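Student: Read off the chains here:
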Amino acid sequence: MRYFATLEGTEYEVEIIDEHHICLGEVVREVDIVAVGSQPAYSLIIDGRSFEAYIYPNEKDWQVLMIGQQYQVTVEEEREKRLGRPHEGSVAESGEFQLKAPMPGLIIDVPVSEGLQVEKGQVLAVLESMKMQNELKAPRAGTVTRLRIKSGDSVEIKQTLLTLA
Amino acid sequence: MRYFATLEGTEYEVEIIDEHHICLGEVVREVDIVAVGSQPAYSLIIDGRSFEAYIYPNEKDWQVLMIGQQYQVTVEEEREKRLGRPHEGSVAESGEFQLKAPMPGLIIDVPVSEGLQVEKGQVLAVLESMKMQNELKAPRAGTVTRLRIKSGDSVEIKQTLLTLA
Amino acid sequence: MFNKVLIANRGEIAVRIIRACRELGLETVAVYSEADRQSLHVRYADEAYLLGPAPARESYLRSHKIIDIARKCGAGAIHPGYGFLAERADFAAACADAGLTFIGPKPDSIANMGDKAMARATVANAGVAVVPGTEGRGNLGDEELLAIAPQLGFPLLIKAQAGGGGKGMRQVSHLDEMPTLIAAARREAESSFGDGNVYLEKVVQGARHIEIQILADTHGNAIHLGERECSLQRRHQKLLEEAPSPFVGDDEELREKMGAVAVQAARAVDYVNAGTVEFLVDKDRQFYFLEMNTRLQVEHPVTEMITGIDIVAEQVRIARGRQLAYQQDDIQRRGAAIEARVNAEDPYNNFMPSTGKITHILAPTGPGVRVDTGVYTDFEITPYYDPMISKLSVWGETRGQAILRMRRALEEYKIVGVHTNIPFHQTMMDSHRFLAGQYDTRFVEERYSIVEMEKDKEKFPEIAAVMAVLVAHRRALETTHVMRRNERDTSNWKWFGRWERMRG
Amino acid sequence: MFNKVLIANRGEIAVRIIRACRELGLETVAVYSEADRQSLHVRYADEAYLLGPAPARESYLRSHKIIDIARKCGAGAIHPGYGFLAERADFAAACADAGLTFIGPKPDSIANMGDKAMARATVANAGVAVVPGTEGRGNLGDEELLAIAPQLGFPLLIKAQAGGGGKGMRQVSHLDEMPTLIAAARREAESSFGDGNVYLEKVVQGARHIEIQILADTHGNAIHLGERECSLQRRHQKLLEEAPSPFVGDDEELREKMGAVAVQAARAVDYVNAGTVEFLVDKDRQFYFLEMNTRLQVEHPVTEMITGIDIVAEQVRIARGRQLAYQQDDIQRRGAAIEARVNAEDPYNNFMPSTGKITHILAPTGPGVRVDTGVYTDFEITPYYDPMISKLSVWGETRGQAILRMRRALEEYKIVGVHTNIPFHQTMMDSHRFLAGQYDTRFVEERYSIVEMEKDKEKFPEIAAVMAVLVAHRRALETTHVMRRNERDTSNWKWFGRWERMRG
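Protein chains in written order, with our numbering: chain F, 1 to 165; chain X, 1 to 165; chain P, 1 to 504; chain S, 1 to 504.
These are computed hints drawn from the structure, not numbers from a lab. Since this is a predicted model, take the numbers as computed values, not measurements. Mixed in with the good hints there might be a few duds.
[Said to hold, decoys possible] No farther apart than 30 Å at their CA atoms in a straight line, the calculated lysine-lysine pairs in the DSS-like style are these:
(1) 283/P x 120/F
(2) 283/S x 137/X
(3) 106/P x 100/F
(4) 202/S x 120/X
(5) 357/S x 150/X
(6) 357/S x 60/X
(7) 60/X x 202/S
(8) 137/F x 357/P
(9) 357/S x 72/P
(10) 202/S x 131/X
(11) 4/S x 457/P
(12) 120/X x 455/S
(13) 4/P x 137/F
(14) 455/P x 457/S
(15) 158/F x 357/P
(16) 357/P x 4/S
(17) 4/P x 120/F
(18) 72/S x 457/P
(19) 283/P x 202/P
(20) 4/P x 459/S
(21) 131/F x 257/P
[Stated by the list, open to error] Stretch by stretch, here's where chain S covers chain P in the computed footprint (C-beta under 8 Å, at least three residues):
(22) 156 to 162
(23) 166 to 179
(24) 354 to 367
C-beta atoms are modelled at their ideal positions from N, C-alpha and C, and glycine is treated no differently.
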């Protein structure tokens, strides 16, 4: 079975030969992968080099956490790729950005108002959590279209705080 | 709901009043039990005293491991008790004793033969495992009726080694 | 003399105190909020009592309830740990009124040192140098502060009088921005300590934060255990501490001078129990009294590791009326120790706190490694308290060995489920400035970038690609062969078979 | 000079050596059997190579394959750990022939000390006292042994010439039982070491087993790091070790004398690297050379804890040709350390080994506690290797504090899934004889009964009954409300949602 893995713009062709051999590009390599513990932690030995990673699927790709580094890998099987999967993710590119609470906490300050034009990096809200005040900043320039919080509000994790158009 | 717990010959009557109260004998006690971690480990706070135990069911009773001590507890619901459950375990009392391998290993020595009369505590077999030689002894006096191993055999865990009648 | 101690705290420090009490043969009582029912301190204590809902105001700050519990359960003493009620003179006084031993200094000493302005006035009177500022001038209004500021010169700091741990603190570069910053500092101080009073303090440029550990008994004996270097901070929160200080180094004269001054400061408030005198030290080795923490310090383990003294056990002994087990000459340093605060926060995203369930922990162990923590696998990190998961401390024969050991320990440390600042500590152990001991209190904020630090780090994209493919392939196989997949669908109950041969 | 080290071992000691190498900046290579694919040493090493099936003969004892792997992967050195190939002179020689540095003594020293009879003859010639016996008389037949025995007097020991760790050892009380016991000893020696030769040794009554740690470099420097007391044994397997020895105590003269004699014994075989000279010490403080272990010792951590010296790192430095970093006068002891070997065995059932999956571990941490282990939650204990799960070591300012700390640490230590000997160690920490330091090598076998020791232990049958009822009640509820039960039927795949915010 042949797979194509894409990561940071580079495509890697990986052919599974048997349980202990793959062909990576043109080179046959010896691999041994096992799960360690009951968590999605895997130990890989590839041509003698020992690696360990936590690997779990995201909505459309795989997250690989290895030596403190996080990699996002898209994996496609050859046939799948030939058939061409519907292009996902295009929706997210367009339209609005919704600022969500990264953690539960208390809104300390909201230095913006609806209709305000903001710059990238501008503080949109100050959220207190774990005894620290955290500034939530605009990831890009835009206009605050819907403001759903005010100072003093308690918010839940992932609650939408405001919308940027 | 009322339960009867039996342990080392003593019966304890426990009535569940609500989630945080039980009646033990005649005394109402405040209890809070929660599972800690994903294992069958429980933390109990009873009238302020904090206890921790690993609790898991056996064939017919509950094993409670607490502060390095193991307790076997039989639990019956009141109705169950009134109806009278079939008396289990009587079969085990009668008849033969089967010596099973407590761990996998290599049989080093079998100092008995079929038909031999043995005393309680007499060595029936020597099993090598984890680099140690372990003597398997007779739990009671009896006659070796069936001998299924010989010196040099590899045995699996719980494999029957011999029968004592 | 008490035989049962209530620990009015949570997390790693509650566990630390339980351990010390247990090693002294004392019974322990935990208190906990609804969010902490499964915490290690509740599991480890002999007794445990619920305080209330998660927010500290409704649980760990309920001093009357805590004293009430102590009396009812027969605890003779209360250890406050750090934070929460540890530096509340009224709480210490209430303990005494209730006939309970407060394991800490006298209420007066706390009050004296707790009001930063009064503290400075007190130690200045005792002849200790202080950072220039408005200390001792009472509760100044905004107008007065704005008037005094240009005399001190910029940059300067606005600090909460009642504060600690960087809360209610703001740095001011120009007079223009001062009104807004005063308001912000007062607001934060008010919400954190219930006291909005602030004072001004000159910023010492290139300053090192170096503190001296003090022990004083009820018989008039007071000694110091040498210094800790705590200059690695971010937003006035310490991130990494070490002992001895690489700045003080072999300068025994400076060490002894700071130690003697710290003892003097402690004596000025008739201090009893463990405490820490914090100094700012400038490039010319001039040192200024900053504040005194009248409690156990988060970073006490580094001092324990190089002196061999169990500071928490010593606190309890002092509270039991014992004489100090040591005289100043008994205190000997050996090697070097470093502590890394492992926080649930994302160093790649402006150190944003991270919450969630810790699904996996593999903690470093082995020679010279100590971990202090209140969490374990499957523990939930909540947003209610500080983000510290654990303190990782290492000891080495030399500072160099301690750094190499810290690298090794950080590499071994696996925490999955929340973001942690372990990558931050890793880059710090590789930083030339840290290796050379050349860092001041502004280093992390002004000169540190994790992206910059990691740019030479070896990456393994090819390996990541291979691993993702192999796991995806496995999963595809398992989905195909439904039988095999079902084997893995093991419910909690089916696992019970595994427990058969179990025993502690 | 080598930069990559192959560790020809498994379990905790392989992890220990990987840690030392990593702290020295060296690359590490693990080797493993099929049973150990998921071991911590395989996970922690930079590289890992399969040796073969689980049995040691087919994996960890395959010296040629190991040397082959080392050459192919570019490792310049091999660390043998303890056990397996550690005391095989032919393996050390084969390493040298292959151009690899063997991290240990020269083949000749191993051979000299490995043959017990030759070892005794060698050190006796150097003027060191030995236990009376048939040492140096060559390979005696059964008839000869039976003839000599009455001259030595009973009780005496039959010991394997090639042996170690109590294998091939039998104690004889009367001449009558000697033929059977010689046969048994020869059989065990043959199967363990491939050499059935045995010798006789007088039993020293009330003996303490005290050993001296040696370090020697390639430049002719040799020092000792003081003693360890290892008298707590069962079937000649050490269970618990401490440093310093409570028997030696403050008798610095005895300590120095034993140290000097140990260095002398090491010099007699031109010893290089770390080694241990074992003595039997009788009540009159006479000491006799027992044997020299020409390798790292299991119990090395207690010496590390009181001296601050990293023995494994020192081994590697010596092997790299460095001079010893210490002279004899640099070695200073601080406090006391105790190590408990935590084994997978059942102390309530004649210490029967226990195998199975470790379903839960909560290891003690905090001040003065060190854990060395190669296992983790969900690891499987197999019957192929020794039953050691971990080594729990503690340090205290005094022996008393170390004991209290060990009690605390044992109480915290939770291992579920296999039986462990933790209850044994707990009773030992409560034993008056242990507390008084009054125990000899026969103590566990002759005077110890766990049932007897635990008879005063507080039990909680009522609490156990309540807990069983509450859990049974919960389960009944869950069975009734099927919906709720299904919620808990969480398959592996469904758990993936939990990993969303994960990062190291």
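Student: Are the hints correct? Go through all of them and say.
Tutor: These are the hints, each one checked on the structure:
The suggested pairing of residue 283/P with residue 120/F is violated, with an alpha-carbon distance near 38 Å, which exceeds 30 Å. This hinted pair does not check out: residue 283/S and residue 137/X have alpha carbons roughly 36 Å apart, beyond 30 Å. A distance of roughly 47 Å separates the Cα atoms of residue 106/P and residue 100/F; the hinted pair therefore is violated under the 30 Å criterion. Note on residue 202/S and residue 120/X: the hinted pairing is violated, with a Cα-Cα distance of about 33 Å set against a maximum of 30 Å.
At roughly 29 Å between alpha-carbon atoms, residue 357/S and residue 150/X fall within 30 Å of each other, so this suggested pair holds. About 23 Å separates the Cα atoms of residue 357/S and residue 60/X, which keeps this hinted pair within 30 Å; it holds. For a cut-off of 30 Å, the pair hint linking residue 60/X to residue 202/S is broken: about 53 Å separates their Cα positions. Under the criterion of a C-alpha separation no larger than 30 Å, the hint pairing residue 137/F with residue 357/P is consistent with the structure, at around 26 Å.
For the proposed pair residue 357/S and residue 72/P, the alpha carbon gap of about 44 Å is over 30 Å, so the pair is violated. Distance check on the hinted pair: residue 202/S and residue 131/X sit about 26 Å apart at the alpha-carbon level, within 30 Å; holds. A C-alpha spacing of about 20 Å is found between residue 4/S and residue 457/P, which places the hinted pair at or below 30 Å, so the restraint holds. About 25 Å separates the Cα atoms of residue 120/X and residue 455/S, which keeps this hinted pair within 30 Å; it holds.
Distance restraint check for residue 4/P and residue 137/F: the Cα-Cα separation of roughly 49 Å exceeds the 30 Å cut-off, and the hinted pair is therefore not satisfied. Simply put, residue 455/P and residue 457/S have alpha-carbon atoms about 59 Å apart, too far for the 30 Å limit, and the pair is violated. For the suggested pair residue 158/F and residue 357/P, the alpha carbons sit about 16 Å apart, so the restraint of at most 30 Å is met. With a CA separation close to 38 Å, the supplied pair residue 357/P and residue 4/S exceeds the 30 Å bound.
A hinted pair counts as satisfied when its Cα atoms are at most 30 Å apart, and residue 4/P with residue 120/F does not qualify at roughly 56 Å. The hinted pair formed by residue 72/S and residue 457/P meets the criterion: a straight-line CA distance of about 27 Å does not exceed 30 Å. Using a Cα cut-off of 30 Å, the hinted pair residue 283/P and residue 202/P holds, with the two alpha carbons roughly 16 Å apart. A distance of roughly 21 Å separates the Cα atoms of residue 4/P and residue 459/S; the hinted pair therefore holds under the 30 Å criterion.
Note on residue 131/F and residue 257/P: the hinted pairing is violated, with a Cα-Cα distance of about 36 Å set against a maximum of 30 Å. Residue count for the segment 156 to 162 of chain P with a Cβ under 8 Å from a Cβ of chain S: 0. That is fewer than the three needed, and the coverage hint is violated. Here the segment 166 to 179 of chain P counts 0 residues with a CB under 8 Å from a CB of chain S, which misses the bar of 3, and the coverage is violated. Judged by the Cβ-Cβ criterion of 8 Å, the segment 354 to 367 of chain P is covered by chain S as claimed, because 9 of its residues qualify and three suffice.
The structure fails hints 1, 2, 3, 4, 7, 9, 13, 14, 16, 17, 21, 22, 23 (numbered hints given earlier, in ascending order).
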